[in-house]
Each structure stands twice: as structure tokens, then as C-alpha cells.
Amino acid sequence: MAKLDLVMFEEEYRLLQEIIARLAKDASAKVVFLVDKNGQQIAAAGDVKSIDATSLASLTAGNVAATDGLAKLIGEKEFSLLFHEGEKDNLHISIVGKRGILVVIFDQNSSLALVRLRVKKASKELQEIFDQVEQRAQKESDTGNRFESPFSEITDEDIDRLFGD
Amino acid sequence: MTFINYASREINCKIVYYGPGLCGKTTNIQWIYEQANPEKKGKLVSLATETDRTLFFDFLPLDMGTVKGFKVRFHLYTVPGQVFYDASRKLILRGCDGIIFVADSQQARMEANIESIANLATNLKENGFDIRSIPYVLQLNKRDMPSAAPVPEMERLLRFRNEPMIEAVANQGTGVIETLKACARQILMELQRA
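Sequence lines, in order, name chains A and B. Read in our numbering, the first sequence has 756 at position 55, and its numbers run on one by one without any break. Read in our numbering, the second sequence has 166 at position 164, and its numbers run on one by one without any break.
Keep in mind that the hints were calculated from the coordinates and are not lab data. Predicted model, so just to flag it, every value in this text is computed and none were measured. Hints are not guaranteed to be accurate.
Below, a list of computed lysine-lysine pairs in the DSSO-like style, where the Cα atoms sit at most 30 Å apart [stated by the list, open to error]:
hint, chain 1, residue 1, chain 2, residue 2
1, B, K43, B, K73
2, A, K840, A, K731
3, B, K92, A, K731
4, A, K821, A, K731
5, A, K726, B, K92
6, B, K127, A, K778
7, A, K750, B, K73
8, A, K840, B, K42
9, A, K726, B, K183
10, B, K92, A, K799
11, B, K45, A, K840
12, A, K750, A, K840
13, A, K773, A, K750
14, B, K183, A, K840
15, B, K127, A, K731
16, B, K43, A, K773
17, B, K127, A, K750
18, A, K778, B, K92
19, B, K45, A, K799
20, A, K731, B, K183
21, A, K840, B, K43
22, B, K45, A, K750
23, B, K127, A, K773
24, B, K70, A, K726
25, B, K70, A, K731
26, A, K750, A, K778
27, A, K750, B, K43
28, B, K45, A, K789
29, A, K840, A, K726
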């Protein structure tokens, strides 16, 4: 594959989850999502059940990708922050490192200033974990010493079963 | 780029339907959406114009069940086929795991098919992928059209790497699941090799 797969282990996942749960609380946000730039949800905290998280992840990634394209058109590297203001709820979207997107949904119980402040702090912590994940993947790829993939013994029958054959 | 989450024991793969305008990419996804077990499918998101032409993308998440204790989830995307939406097409290929090329069988669309494959190769390259090695399936859609080109002719013009080639009539569901399965098989087999 052209790029390294994103492989997340329990410990890293737990740390990410902790950071965004804290962010949701500190920023008085309704929900916080951590999404991959390819549109896959990594972690979520807050009132998660109220929102279709999968669609949100995919649309956010599309939104960020389109905004990235706009940035490049006018000669910017990226726009690191997007803010959408609604009547009741607002959406704060920011880029974390090379591959993460942090989405904070908040209402009148919080403010843009508070969210920005807390997001800044949390982003730094998230960035460190992403770096660790990347370094580990790079190391494994360099040494050819990859973790034991659970799919090394996948068979045609396994695939047929997925399609209910 | 497959996302493997050991904590939630999930694996997510992104499959992109590519092809010229009006070849039936959205129809493929819509058919899958209509047929899928309600527990397995998520919401179908379509960013389309007022005339139902895809503007940015369609998106359908599908839960496929488990393999080796991991929940397998496919994220199906379509690109806008019209030539002038090239910037959007490029973005959607970001991080994809497999491509389904939907070719329009009508004789008059053959040139558009060829152009679209060339465009796919360019856009994949810009995203760091190689069209010769990424999991790839060729679907010959609209086989029921009176002006459909013969299969051997389409094969000669469009098939370039011995990829699975599947005849389809997407609006009736013919060949739709087979196409998806052929792509899924390659992606999962790729994981085995990784």
C-alpha cells in the first residue's frame, strides 16, 4: 500500500479518548469527535448518541478536504480552523497534526473563545500521541518487523461469509 | 489507507466508485443501500445538485460482519463523474483502499470511459497510489442498453491489468454485489500480505 495503514492499539486509543473526554468537559461542549482526514471516526466523547457519527466523520473530512483545496488555490498551506455558526449549535473544526481532525459541537453553554482555548491545549496532547503512532508504524515498516496481523490467515471462506454466502 | 482499531476491534476500508458522468456510480450505491439489511447499513449521504447529479460525493457506510474477531466496515464513496469536477474527485481518492471503475457500455460513451481511466490514473498518482497495484475492479454497466458495445471490445479498450471484470445492470441490481465483493476480496487479501 502506498501509505502506512493507521493502526491504533488499546493504550493509544485510551489516551486519545481520555484527552477528548477532558476537552468535552473543559470546553462545556455537547460532543467532541476525533476524526481521521480520510473520513473515519477515531474517538468520540460527550452526548455522542444524539448525532449520526459516521456521516459526521465523512462530511467533516470532505469539508476539510475541500477547504484544503481552496487554501492551496490561493497559495496557503492549509486553513487550520473552520467555524460554522448555527442558531443553536456551533461547529468548531480544527486540524490536528497531519491526519487528525478535531470536531467540537457546542451551544450557548460555552463560547467560541473558551472552545478555542481548550482545543489548543488538547491539540498539542493529541498531536503527541499521533506522532507516537506514526513513529511506531514507521519503525515497524523500516525494520520489516510488523506486529502480527490478525488477517494473516484470512481465507476465501471468511470473505464469502461477510457477503452471507 | 485501512484503519485498524485494536481497541474497538474494528477495521475500516474505503472503496471509491469511479467512472465517467452518468455511468451509474450512484445507482450502484443506491442499490446496495436499498438491499442491505437495515442493521448493517448506515445513512446514505448524497451531496447532489437539484437535478440529482453528484456534486461532491455519495457516502454509504456498511457493516459487513466479523473476520477473525474484527468488525469489518466498508465506507463506499462515489465521485462526481462530470469532467469539470476534477478537483473534487482528487480529494475523494484520498486514503482509499480500493477502486471500482464503472464503465458505461454504450458505444457513444467509450471515449468518456477511456478518458476517465486516464484521469483516475493521474489522480491516484497525485494521492500516492499506483493504478497498476491498488485493489481494482472493472464493472461494465448498462449491459441491457441496445447500443451496448460487445464485451470483448470493451475488454480490449478498458481492461489493462487482468483485473476482475463484471457485467452489470446496476439499476436492476445485476452484478452490483459481485463487483463490491471482488473489490473487498482484493482489499482483505492485501491486508493478509501486509
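Taking the hints in turn, this is what the structure says about them:
1. K43(B) to K73(B): 13 Å, holds
2. K840(A) to K731(A): Violated. K840(A) to K731(A) sits at ~38 Å, over the 30 Å cutoff.
3. K92(B) to K731(A): Violated, at about 33 Å.
4. K821(A) to K731(A): Holds, at roughly 18 Å.
5. K726(A) to K92(B): Judged against 30 Å, a Cα distance of about 37 Å means the pair is violated.
6. K127(B) to K778(A): 20 Å, holds
7. K750(A) to K73(B): OK: K750(A) and K73(B) at ~20 Å, within 30 Å.
8. K840(A) to K42(B): Violated, because 36 Å separates the two Cα atoms, which is more than 30 Å.
9. K726(A) to K183(B): 43 Å, violated
10. K92(B) to K799(A): 18 Å, holds
11. K45(B) to K840(A): Violated - the C-alpha atoms of K840(A) and K45(B) are around 38 Å apart, more than 30 Å.
12. K750(A) to K840(A): Status violated; Cα separation ~37 Å.
13. K773(A) to K750(A): Between K773(A) and K750(A) the Cα gap is close to 36 Å, so the pair fails against 30 Å, i.e. violated.
14. K183(B) to K840(A): Roughly 33 Å separates the two Cα atoms, so the pair is violated.
15. K127(B) to K731(A): 40 Å, violated
16. K43(B) to K773(A): 35 Å, violated
17. K127(B) to K750(A): 39 Å, violated
18. K778(A) to K92(B): 17 Å, holds
19. K45(B) to K799(A): OK: K45(B) and K799(A) at ~28 Å, within 30 Å.
20. K731(A) to K183(B): Violated, at about 39 Å.
21. K840(A) to K43(B): Given pair K840(A), K43(B) is violated - Cα atoms ~37 Å apart, limit 30 Å.
22. K45(B) to K750(A): 15 Å, holds
23. K127(B) to K773(A): Status holds; Cα separation ~18 Å.
24. K70(B) to K726(A): With a Cα-Cα distance of about 36 Å, the restraint between K70(B) and K726(A) is violated, given a limit of 30 Å.
25. K70(B) to K731(A): 36 Å, violated
26. K750(A) to K778(A): With a Cα-Cα distance of about 35 Å, the restraint between K750(A) and K778(A) is violated, given a limit of 30 Å.
27. K750(A) to K43(B): 17 Å, holds
28. K45(B) to K789(A): The hint holds at about 24 Å.
29. K840(A) to K726(A): 35 Å, violated
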